[in-house]
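> Sequence:
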Amino acid sequence: MSKIALVTGANQGLGLALVEGLARRLGPGDVVYLTGRDAGRVAAARERVTGARAEVRTRLLDVRDGDAVTALARDVHADHGGVDVVFSNHYLRTVPEDVPADVIGPYVDANNLGTTRMLRALLPVLRPGGRYVVVSSSLGLLRELPPRLRPRFDEAGTLDEIDAVVMAWRDAVLSGRAAEEGWPEFINIPSKVGQVAAVRTLARQRRAEDLAHDRLLVATCPGMIDTASSRPWFDMTGAQTPREAAVALLDLTLGPDVDPALYGELVRFGKVLSWP
403 MSKIALVTGA
413 NQGLGLALVE
423 GLARRLGPGD
433 VVYLTGRDAG
443 RVAAARERVT
453 GARAEVRTRL
463 LDVRDGDAVT
473 ALARDVHADH
483 GGVDVVFSNH
493 YLRTVPEDVP
503 ADVIGPYVDA
513 NNLGTTRMLR
523 ALLPVLRPGG
533 RYVVVSSSLG
543 LLRELPPRLR
553 PRFDEAGTLD
563 EIDAVVMAWR
573 DAVLSGRAAE
583 EGWPEFINIP
593 SKVGQVAAVR
603 TLARQRRAED
613 LAHDRLLVAT
623 CPGMIDTASS
633 RPWFDMTGAQ
643 TPREAAVALL
653 DLTLGPDVDP
663 ALYGELVRFG
673 KVLSWP
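Residue numbers for the sequence shown follow the numbering used here, beginning at 403 and rising by one.
Worth flagging that the hints you see were computed from the coordinates, not collected in a lab.
Where a beta carbon is used, it is the ideal one built from N, C-alpha and C, also for glycine.
Some hints could be false.
Distance condition first, Cα-Cα at most 25 Å in a straight line; then the derived SDA-like pairs of lysine to any residue [said to hold, decoys possible]:
(1) K673 / R427
(2) K673 / E611
(3) K673 / A614
Distance windows between CB atoms, simulated [stated by the list, open to error]:
(4) R606 / A480: 25 to 35 Å
(5) E557 / H615: 26 to 36 Å
(6) M569 / M403: 34 to 44 Å
(7) D467 / A503: 22 to 32 Å
(8) P549 / R450: 39 to 49 Å
(9) G483 / P548: 44 to 54 Å
(10) E583 / A614: 37 to 47 Å
(11) D467 / P548: 26 to 36 Å
From just these sequences and the hints, can you work out the full model?
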């Protein structure tokens, strides 16, 4: 059976490197979907993919559009019977000069609600042996939050509850209450915690069935990558290139055996990062 892979946020950086790596490692008859929300950038990204053995198809996708995400899942299921590899990699960037209240709405809509929209739509069409990877960060560990905020994420039982916590944080930023409630000023931290918490919440529900069918659901920290998103915030000394960072993620999804201990966890270079 042909393998079907899909990458969001794939028109540059790590996303494009993942598409290129998948297209090289998979074979003739397999399909890799390169998705993004701008037609011109998606088309230009496709032209930069070299050495492909698998077919690379483009698809417009804005993860802030729930109908578009649902339609993608429906079409992948109709055309292929499901999907084998999903890299949920989209990211709406910010820069240090941004005022959090000015950017928090679209930031949460893309990076957090976009992640949970993808999980709701694509996990049901993940085939046996499938791999679903949410690209996050070590900033998504629970310890990055003050103790009084941690139970909000750790005790959530559904994706709807995770979304509610994230939107309450968004509203606190908008109203100017975030600091007094204890939220970190760097909005990347609660956002990444929300992504990892979403994976962990679903994993508690799905673990037995997924492992019985050799499916893997994980969040990953790819390590420091020299990209336009990271440069304004961090020292890039020693940072990986996107192509270098893609290797561990591709090994995780395309390797012959996966350690069940990784299921539902935040993984960096094949090792679990402790949540609490």
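> Indicate, hint by hint, whether the structure satisfies it.
Evaluation of the provided hints:
At roughly 22 Å between alpha-carbon atoms, K673 and R427 fall within 25 Å of each other, so this suggested pair holds. Restraint check: the Cα-Cα separation between K673 and E611 comes to about 23 Å, which is no more than 25 Å; the hinted pair holds. Taken as a hint, the K673 and A614 pair is honoured in the structure, with Cα atoms around 22 Å apart against an allowance of 25 Å. A beta carbon spacing of about 30 Å between R606 and A480 agrees with the range 25 to 35 Å that was offered as a hint.
Checked against the given bound of 26 to 36 Å, the beta carbons of E557 and H615, roughly 28 Å apart, stay inside it. About 40 Å separates the C-beta atoms of M569 and M403, a value consistent with the hinted range of 34 to 44 Å. The supplied range of 22 to 32 Å is met by D467 and A503, whose beta-carbon atoms lie about 24 Å from each other. Here the CB-CB span from P549 to R450 is close to 45 Å, well matched to the stated 39 to 49 Å.
Judged by the Cβ atoms, the range 44 to 54 Å given for G483 and P548 holds: they are separated by roughly 46 Å. Evaluation of the 37 to 47 Å hint for E583 and A614 yields a pass: the beta carbon distance comes to about 41 Å. A hinted range of 26 to 36 Å holds for the C-beta pair D467 and P548, which are about 34 Å apart.
The structure meets every hint from the earlier list without exception.
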